[in-house]
Every structure is written in C-alpha cells, then in structure tokens.
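Line by line, the protein sequences give chains A and B.
Sequence positions in the first sequence follow my numbering and run 1 to 451.
Sequence positions in the second sequence follow my numbering and run 1 to 451.
Treat the hints with care, since some could be wrong.
If chains are identical, the list can't say which one is meant, so a pair holds when it fits in one copy or spans any two.
Stated by the list, open to error - The calculated lysine-lysine pairs, modelled on BS3-like cross-linking and capped at a C-alpha distance of 30 Å, are:
1) Lys344 / Lys288
2) Lys349 / Lys288
3) Lys423 / Lys288
4) Lys349 / Lys423
Note that these hints are calculated values from the structure, not bench results.
Protein chains: 2
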Amino acid sequence: MTQPPYAVADTDLSLLTDLYQLTMLQAYWAEGMQERATFSLYYRRLPTTRRFMLACGQQHAAELFTRLGFNDAQLASLADTGQFRDDFLAWLGQWRFTGDIWTLPEGTPVFENEPFMEVDAPLAEAQLLESLIMNLVQLETVIASKAVRVVLAAQGRPVMDFGLRRMHGIDAAVRGVRAYRTAGLAGTSNVLGGLRHGMPLSGTMAHSYILAHDDEAAAFAAFARHYPDTTLLVDTHDTLEGVRKVVELMRAEPSLRVGAVRLDSGDLGQLAREARALLDAAGHPEVKIVASSGLDEWRIAALVEARAPIDVFGVGTEMGVSSDAPVIDLSYKLVEYAGTPRLKHSPGKTNLPCRKQLYRRHDAEGRYIGDTIALRDEPGIEGEALLRPMVRGGQLVQEEMALAVGARERVIDSLSRLPDALKRLEAGHGDYPVDLSPALERLRSTTRNAI
Amino acid sequence: MTQPPYAVADTDLSLLTDLYQLTMLQAYWAEGMQERATFSLYYRRLPTTRRFMLACGQQHAAELFTRLGFNDAQLASLADTGQFRDDFLAWLGQWRFTGDIWTLPEGTPVFENEPFMEVDAPLAEAQLLESLIMNLVQLETVIASKAVRVVLAAQGRPVMDFGLRRMHGIDAAVRGVRAYRTAGLAGTSNVLGGLRHGMPLSGTMAHSYILAHDDEAAAFAAFARHYPDTTLLVDTHDTLEGVRKVVELMRAEPSLRVGAVRLDSGDLGQLAREARALLDAAGHPEVKIVASSGLDEWRIAALVEARAPIDVFGVGTEMGVSSDAPVIDLSYKLVEYAGTPRLKHSPGKTNLPCRKQLYRRHDAEGRYIGDTIALRDEPGIEGEALLRPMVRGGQLVQEEMALAVGARERVIDSLSRLPDALKRLEAGHGDYPVDLSPALERLRSTTRNAI
Numbered sequence: 001m002t003q004p005p006y007a008v009a010d011t012d013l014s015l016l017t018d019l020y021q022l023t024m025l026q027a028y029w030a031e032g033m034q035e036r037a038t039f040s041l042y043y044r045r046l047p048t049t050r051r052f053m054l055a056c057g058q059q060h061a062a063e064l065f066t067r068l069g070f071n072d073a074q075l076a077s078l079a080d081t082g083q084f085r086d087d088f089l090a091w092l093g094q095w096r097f098t099g100d101i102w103t104l105p106e107g108t109p110v111f112e113n114e115p116f117m118e119v120d121a122p123l124a125e126a127q128l129l130e131s132l133i134m135n136l137v138q139l140e141t142v143i144a145s146k147a148v149r150v151v152l153a154a155q156g157r158p159v160m161d162f163g164l165r166r167m168h169g170i171d172a173a174v175r176g177v178r179a180y181r182t183a184g185l186a187g188t189s190n191v192l193g194g195l196r197h198g199m200p201l202s203g204t205m206a207h208s209y210i211l212a213h214d215d216e217a218a219a220f221a222a223f224a225r226h227y228p229d230t231t232l233l234v235d236t237h238d239t240l241e242g243v244r245k246v247v248e249l250m251r252a253e254p255s256l257r258v259g260a261v262r263l264d265s266g267d268l269g270q271l272a273r274e275a276r277a278l279l280d281a282a283g284h285p286e287v288k289i290v291a292s293s294g295l296d297e298w299r300i301a302a303l304v305e306a307r308a309p310i311d312v313f314g315v316g317t318e319m320g321v322s323s324d325a326p327v328i329d330l331s332y333k334l335v336e337y338a339g340t341p342r343l344k345h346s347p348g349k350t351n352l353p354c355r356k357q358l359y360r361r362h363d364a365e366g367r368y369i370g371d372t373i374a375l376r377d378e379p380g381i382e383g384e385a386l387l388r389p390m391v392r393g394g395q396l397v398q399e400e401m402a403l404a405v406g407a408r409e410r411v412i413d414s415l416s417r418l419p420d421a422l423k424r425l426e427a428g429h430g431d432y433p434v435d436l437s438p439a440l441e442r443l444r445s446t447t448r449n450a451i
Numbered sequence: 001m002t003q004p005p006y007a008v009a010d011t012d013l014s015l016l017t018d019l020y021q022l023t024m025l026q027a028y029w030a031e032g033m034q035e036r037a038t039f040s041l042y043y044r045r046l047p048t049t050r051r052f053m054l055a056c057g058q059q060h061a062a063e064l065f066t067r068l069g070f071n072d073a074q075l076a077s078l079a080d081t082g083q084f085r086d087d088f089l090a091w092l093g094q095w096r097f098t099g100d101i102w103t104l105p106e107g108t109p110v111f112e113n114e115p116f117m118e119v120d121a122p123l124a125e126a127q128l129l130e131s132l133i134m135n136l137v138q139l140e141t142v143i144a145s146k147a148v149r150v151v152l153a154a155q156g157r158p159v160m161d162f163g164l165r166r167m168h169g170i171d172a173a174v175r176g177v178r179a180y181r182t183a184g185l186a187g188t189s190n191v192l193g194g195l196r197h198g199m200p201l202s203g204t205m206a207h208s209y210i211l212a213h214d215d216e217a218a219a220f221a222a223f224a225r226h227y228p229d230t231t232l233l234v235d236t237h238d239t240l241e242g243v244r245k246v247v248e249l250m251r252a253e254p255s256l257r258v259g260a261v262r263l264d265s266g267d268l269g270q271l272a273r274e275a276r277a278l279l280d281a282a283g284h285p286e287v288k289i290v291a292s293s294g295l296d297e298w299r300i301a302a303l304v305e306a307r308a309p310i311d312v313f314g315v316g317t318e319m320g321v322s323s324d325a326p327v328i329d330l331s332y333k334l335v336e337y338a339g340t341p342r343l344k345h346s347p348g349k350t351n352l353p354c355r356k357q358l359y360r361r362h363d364a365e366g367r368y369i370g371d372t373i374a375l376r377d378e379p380g381i382e383g384e385a386l387l388r389p390m391v392r393g394g395q396l397v398q399e400e401m402a403l404a405v406g407a408r409e410r411v412i413d414s415l416s417r418l419p420d421a422l423k424r425l426e427a428g429h430g431d432y433p434v435d436l437s438p439a440l441e442r443l444r445s446t447t448r449n450a451i
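Produce the complete structure using the sequences and hints provided.
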C-alpha cells in the first residue's frame, strides 16, 4: 500500500498558498488585469524584546520563486475543488515568475517599515507569491533575530544549536540551521540541517547511552574509546560524581583523550566552577566545559557576567521557537499598480506607496547613524542603497545571489557598525532614526488624500 | 544550473536527527549492544496556560517510521563527515524499524508524565527515532492543544485557519492543518494543507484586490460576479462604508448573492453590531459576518460573551505559533533495556521505569474521573487501557491506524467526557487525578535505590 508523503517537497510549494490568492488570480485573469504591480515586504512593529531584526531568508526564497510552477497533479487537485475554470487552470499551468525581486542582502539589520523585499511583476505573478514569501521569510528572520542575541550574549564563546527536537516541524528545524549560520552560531547537532546549509556538526551523547550501560564509568570508557576528544555527558546521576569518573578514566587510561564534559542540569554556574576545579586539580585544563539546559540570551549573559568557566553553550528550546517573539507582523502590500501609487488607509499604521529604496548612512568611523526610506529612483538621497536586484526578468542575478553566501561575514560587519544601544538585550528600541525622503513623504500625503 | 532543494522530502528524513544519535548507534553497534529497549514519550509539565494537552501526530509519525531508511546519497554524506566507519555505514544502510510502537489514539487528552507513545525495539532502532519523534509529535500536539481552546471559546461558531503566513515554515503550516482538523476547526485558507489533510478550503479576498481596482465598489462587484456567495473584505478604507457599498451592490444587482462580509480591523464587536444592523435594515439577514485580526481564544471568548453578531472566526498568528505555549517539554526516555528497568535520577522530576500502560476511569455518566499509569502487563487496574499497538514487528496494524482517521470524532467525544474544570480558559490545572499503580510505585522506588 502506498502511503501519502509525510513531508512537503519542492514540487508541492506552489500550492502552499491561501485559497484567496488563487481565486483573486482567476478574477484578475478574467478581468484582464495583467498590468505591472509592485508589492513591498516589511514589518510594522518591532517586538518589544527586540532592538532590530536580522533580515534572513529573502534571497533563499527568491531563488525558489524563479523555479515555481504548477504541475498536472496540482492542477487536477485544484480542478477538484470546483472553484476554477478549465481555461484558467490551463493558463495557471503556464504561470512562471518573470518579474524582478529587490532584496536587502541577507544578514542586514532591518527596522520598522523598512522594505526588505520588493517584487515588481505582472499583478498575477506578484500576488501569488504573497502567502509563501511571508511564511518563508518570516521563519528565517525570526530565528536569526533571536539567535543573534544569543550570540551577542555569549561574547565570543561558541554557541551550538541543540534545538531540533523543539522547533516547529521539519522545515523550521532544517532552515533554522541556515538562519543560525547567518546569525553566527558555531555548530549544530542537526545532521540534515548542518549538511544542507554548511554548518559544522556537533554532538555529545544522550542520557540513554549512560543508562543502557549498567555502569556510568563503563559508558564513559566505551564512548571515549570510540571517539577521541569527544564530549561526555556527566549529569545522568550526579554531575560532580560524573566529573570524578571522567578524571578517573583519564588517569586509568592515559591514552584516552576527552574533549569536554557536558553539564545539562542544575546550577550551571556553580557546577561549572566545581567541575573546572576538579579537572584542573587532576591536571586537565585542556578538558572543556559545555553547558546546556534551558539556556537563552539572558541566562547566558548572567553566566558570562558571573565568569562561569563555561567554554561552549548548547542552546535549544527558547532560541528554536524564539519563544519571546515567535512572530513578526510582516506585511506584503500592493504599493503600485499600472503606474499608480496604491495605499491602504490604516489608522495608526504606516503604509508607504510606490517602489522604494532603503538608504543607510554611516559616520566617519563607518557606524550606522540612520536610514532613509525613499522612492526607488529618487535622486540625491544620502547613504548606501541597500535594496539590490536579486532577480531580473525571472532570472537570478548570479553576482547578487553570491552576496547571500557571505551573509555570515555581513552580520559580523553589520554588528560592528551597529550603535551599541541596539546590541543591548534589555527591552527598548534604542532610538535608531528611520526617516522618509521628501518625495515619499509628499507622495504619501497626496495618495492618502486621493482615496 | 541545478539548485539544491528548498524543502525537505520524505527521503531526507532519516538524516533529520541529532548527530549524537548516529554516533551512539555506531558505539552500540561496535559494542554489540542490540538488546531490546523500551523508550517512553511523555511531557513533564503542563504549560501554565493549558489544562490538558491534546495528543496529536503520534500515529502520523509511527506511519513514517515504518518506511524510514538510509539511501546511498545519505550514507555518502555521512561518510564525508569522517565520523563513521564504512562497515558501520553498510550496517546503517540496512537499518529498518522492526519493533513495536504503542500510542494513545490521536485526539486523546493527555496529562503530565503520561506515556503517549512507547517504542519497543532493538536499542539502535528505538534510539534513532528520538530526535525525529520529538520534533514531529511536538508540532502537532502543540498546535492541536492551542486550537482546541480556540474551538471551545467559539462555542460552536465555525473557526477557520488563516495562519499559513505566520506559522514556522512549510511543514508547520501543512501539518498544522492536520492538527487543526483534529482539534475541530471548520476550514483552512491553506490550499496544500487542506488538500493533503482533508480539510475544507476557505477563502475571502485580500486588500490588494481592492487596491488594484480603482474603486472599492467596482472591486466588490467584479469579485461577487465571479464567485456567488463569496465573502467580501470591507475594511480596506472604512469598514461601515464598505458594508454600505455591499448593500448598494446587492440593491443594484439583485441577482448577485453575497455570502458574507469580513471585518479585519478595528473594534470587531462594535463593527459587527453596526454591520449587522446595516445588513438587516437592508433586508439581508442571510449575509454572514466573518471576523479576523489578532484573534485568539481570549478575544473570541470576550466577543462571544458580549454577544457580538459574528458568525465565523478567522484565526491566524496566535494560534499558528501557539504563542503563549510554543513548546512542551517532551521527553523520550530509555525506561527498559535487556529486560532491566532504567531510570534517570532527576531531582524534582518524575521518571517512570519499564513498559507502561495508561488507564482512564469513567463515572456512571461516562465522564473522566482519573487516570492510572501502570506497568504494561500489570493486572487488575481499573479503567480503559489507552495505549494501543499501532506498529507490530515494523508493520502498521491497519485496524489500529484506522483510529487516526476518526480523530475528530474522538475529540468531540473526549471533550464531552472531560470535567468542565479542564475546559476553562483560565490558568490553573483543574486537579485531574493521575496516579501510579502499586507495582509501578514499588518498582520506581526500588529502581531508584538500586542506582
């Protein structure tokens, strides 16, 4: 008996959309509305526990869009819903993305209302991307924006992703590793995520390995013989007793090299100090201490502040779901159609019409001092133009895509240029100035009055 | 140029594991540790904002495990890590799950420390499932457990899933629909999720459709002509003005039938009352009111309490990430190996050794009055035995798998039997009694003393 697939493959993704996208597409098709449109992707409000978001996933998504389409099986299942005409479905079978996609390079810090992607394409092409673009870009941006705080808190100590088991499903766990790499984590326990996204694999052992052996010391010995320089998990029964057994093992078998011990419960700061003392007293300053268990940026900052002798942090749950800010209120809004600015009136919300560009200004030392959101072709705006054309006429621009590969280096550079106030963990937004250009401000008020 | 895949297909899933599972497997293989083991899946602590969890996804995952394996490309990429011996990888190429999996039927309310899956298999088979089982089962359980609260709050009014764009990636959005179906939602906007998991599709229109037309009334007319009985989104410019335009459209073109208007911003209760009054005054009591925008169980409960005339709720963000409880602390623990009970000592935590069964007692009216966690084969325990063998010798037990299909009916039945205290939204756990059987209590204390 053949089972239906469990996971979602690339060929399924054109149907990963809200029904209304397809019913609107059919209406546009029937009405002959095929003029060029621009949609802008941005978020309205920074979560209270973030000072900036780290844009991530947008080039990855753009790459996917250049090969999106509908196969016969998909068209047949749409026909079965009874909501679509055969001639529309025939047209949908030819649907390809032929437009342009402008994006901020991945790893760029981004603030409220700043466009981080703009899509220029015939209306039906740009409209259809809406649900997918928001789902895909939100995930990587939310995860990277949380992870960069954890990395900042660790102040140079390596941080490892242990979050596979708590992240929301298959895709979150695998693409999450891509976001972690961008944000500066040092490794991951997630085999598929690490292999696919070029992140070093890292692993220790589980309590079950200890328990399957009749004796903890025997389990340590067996594992260390298999894996030189491995990490031994010492808290199955009693953490410091576990450390003593590791010390005894190294004494009894001097040829065995142990890389680290891992603490996974209890008062990590206190246990790390006592474990360090035991290891040093036994002449093993080279054995490192890995700590995990309920860590997030706050707990890590407290351990670093207290000078706990922890060399590596393993972080899972809280980072993996970004529990304090699991969503951002991304919008993907029609801002221009058929050459005319479009603007939804929303009391208390900023909606900005027309194709835009984002400029970032630096001071003499290269530090960011403020941004300007401007019209795409508006002359005379100071600063570096950040939105770049990643897709032109439905084709990837290879030299621009290459920027995504260097995202990690971009984050390191960006963090060095970011005002210190934005790198603090505490709530509060750090007052980074984001202005509208004169022409955009003018257009915004005339468009509002016209509606 | 061929691009790497974007999403994760079924054939990738055996590598969706933590590195240590594979290094432990190699160690077990080298040590000849192939005795039968039992691992138990349970959660330790109910989130403060839940009174029960709705077990979901465990039969779905079990089905996947019966066809999991490693292909040559996967083995080659593992070889490239340099951590695995060729003879081990050859053995891994033959890895299949040949054991038994006991699960609670999907849609069963489950409480702290209750086993909701137990895996009995040779050690290397049961161990390898750990990371995947936790990732897969957590997602559906977390989403279903949040969604059932939203359904309870709506008191019979249909709830639609609008969450695709905010959920954590591709897999969360698609399998989330499966959890929503189990929890009792009435439909989803998510095309792929709905088609794959048998949930009715539901859709309205987006603001961009209104804005792409030069005039809101013209947009309503065009859409209603395409789609009889559709839902028109009335808040693009001014909600009540939008409703008036719908009324005027129905007056001017009496042949057009409008199914509903959708409110998506502002004071939903007040706007629903005013919209209802406008529609009724125009002789259109049949036009329904759909409300969306920032809804969760609390806001819906308040609207229902205030008798807001809302017929259908569309719910996205908060339900889609279960923002108040995005994770549960699932554990998958070795509880027996080679016929011997295994127990990790954790101060303040309940760990229960050996193969188990879960019994639920009913009163004379069929209401649940308490549970007992017992040894699998312990005689004389009162109540219904809930863990059932879904997989036997690596094969699905078809009559048991059929139970998963009826999960929705099981939830309706379970909710009718659940004490009212457990169905309230407020924090607090409702004091549902979960006891340990005499033999389990005895074994637990002797196992603890033996270590």
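Verification of the hints:
1. Lys344 / Lys288: Between copies only: 24 Å across chains, 56 Å inside a chain, cut-off 30 Å.
2. Lys349 / Lys288: This pair counts as between: shortest inter-copy Cα distance 28 Å, intra-copy 51 Å.
3. Lys423 / Lys288: within (28 Å within a copy, 49 Å between copies)
4. Lys349 / Lys423: within (26 Å within a copy, 37 Å between copies)
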